[in-house]
Amino acid sequence: MSEYINYDDLARLEYGQLLWRNPGMRQRLIAHWTDARHPYRERFQEQRELIECVLSDAVDDETLAAHGTSRRAIVREIPPVFGSFWQV
Amino acid sequence: MPRRELKHPQQIIDWLQEWGAVLPASSALTLIGSGGLLWHAAQRGVVEPLPENSMDVDPVTDDEAVARLGYDAMIGSEFELTHGWHVNLMPKAVLLELPAGWAQRVSRSQYGSLTVLVPAPADLLAPKLRRGEPRDLKHAAWAHQVGLLP
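If you read the sequences in order, they're chains U and X.
Our numbering puts the first sequence at residues 971 to 1058.
Our numbering puts the second sequence at residues 38 to 187.
Hint data in this document are derived by calculation from the structure and do not stem from the laboratory.
Just so you know, even glycine gets a beta-carbon here, dropped at the ideal spot from N, CA and C.
There could be a bad hint or two in this list.
[What the hints assert, rightly or not] Residues from chain X shown here face chain U by an in silico Cβ test under 8 Å; the list is partial:
#	residue
1	D99
2	E101
3	A104
4	Y108
5	S114
6	E115
7	E117
8	M127
9	P128
[To be verified] To list a few chain X residues with every Cβ distance to chain U over 12 Å, as calculated:
#	residue
10	Q47
11	G57
12	A58
13	L60
14	W139
15	A140
16	Y148
17	K165
18	G169
19	P171
20	G184
Please work from the sequences and hints to get the whole structure.
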């Protein structure tokens, strides 16, 4: 992902992709990111398709560019997980 | 009343034993940062607490089960409420900040199903010394004082 290094972003990408492979964890992440308590839920919904593609590692840079974004930018849109309401 | 800080070497061992006992299969993490220094201190029987409490530990893993535990232990979690500190999963790229050859100098230990890799104290300190913040320098001075470095 170019020379851009933001460890928080990279961690959300790496661990997001790791957990995304597990269908149960995928559903849990979606439920968390769309929870009414999540401050970025609307932002997530707006970018949901691309975020899910990035988490699935199923999108190339050209496709992202065609959507007017970049890998760096869309990775920043992966919402954080808040420990206060992550556990179910 | 649980501690509200991470500074005692035994706290790291207790945490690793806790995770090793609940992980279902062989898994692994690499522990960097002050948590790694505390681990080395525990191996040497050091009881001198780390100056400038740490608020978190920084593991790196490619193991899903470990990552799940890490998500359950992040800031604001029940884990943090009970332990007084949290887990901050770090990306693999952070290991590039360690000096070349660190993997040949790593220490390894087993906690139940969990294999823990900890870079050598000098390797853990290298990024801190580069950063050079007062807290980092205090951690380096403590590492010298308690005998983690030759």
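Each hint tested on the structure:
With a least beta-carbon distance of about 7 Å to chain U, the hint placing X/D99 at the interface is held under the 8 Å criterion. For X/E101, the interface hint holds, since its Cβ comes within 8 Å of a Cβ in chain U; the closest pair sits about 6 Å apart. Hint status for X/A104: holds, given a least beta-carbon distance of 5 Å to chain U, under 8 Å. Interface restraint check: X/Y108 against chain U, minimum CB-CB distance 6 Å, threshold 8 Å, status holds.
Taken as an interface hint, X/S114 checks out: its beta carbon lies about 3 Å from the nearest beta carbon of chain U, inside 8 Å. Nearest Cβ of chain U to the Cβ of X/E115: about 6 Å, under the 8 Å cut. The hint holds. The restraint placing X/E117 at the interface with chain U holds, with a minimum CB-CB distance near 6 Å, inside the 8 Å limit. The beta carbon of X/M127 comes within 6 Å of a beta carbon in chain U, closer than 8 Å, and the hint placing it at the interface holds.
Taking 8 Å as the C-beta cut-off, the interface hint given for X/P128 holds, the closest approach to chain U being about 4 Å. The beta carbon of X/Q47 is kept farther than 12 Å from every beta carbon of chain U, the shortest such distance being approximately 24 Å. With a least beta-carbon separation of about 20 Å from chain U, X/G57 lies farther than 12 Å from that chain, consistent with its non-interface assignment. Listed as a non-interface residue, X/A58 keeps its Cβ farther than 12 Å from every Cβ of chain U; the least gap is roughly 19 Å.
Separation of X/L60 from chain U is adequate, the least Cβ-Cβ distance of about 15 Å exceeding the 12 Å criterion. Every Cβ of chain U is farther than 12 Å from the Cβ of X/W139; the closest lies at roughly 17 Å, confirming the non-interface assignment. No beta-carbon of chain U is positioned within 12 Å of the beta-carbon of X/A140; the least distance is around 19 Å. Listed as a non-interface residue, X/Y148 keeps its Cβ farther than 12 Å from every Cβ of chain U; the least gap is roughly 21 Å.
Look at X/K165: its CB is around 15 Å from the nearest CB on chain U, clear of 12 Å, so calling it non-interface holds up. At roughly 18 Å from the closest C-beta of chain U, the C-beta of X/G169 stays outside 12 Å, upholding its exclusion from the interface. Consistency note on X/P171: stated as away from chain U, and its beta-carbon is indeed over 12 Å from all of that chain's, at 21 Å minimum. Look at X/G184: its CB is around 30 Å from the nearest CB on chain U, clear of 12 Å, so calling it non-interface holds up.
In this structure, every one of the numbered hints holds.
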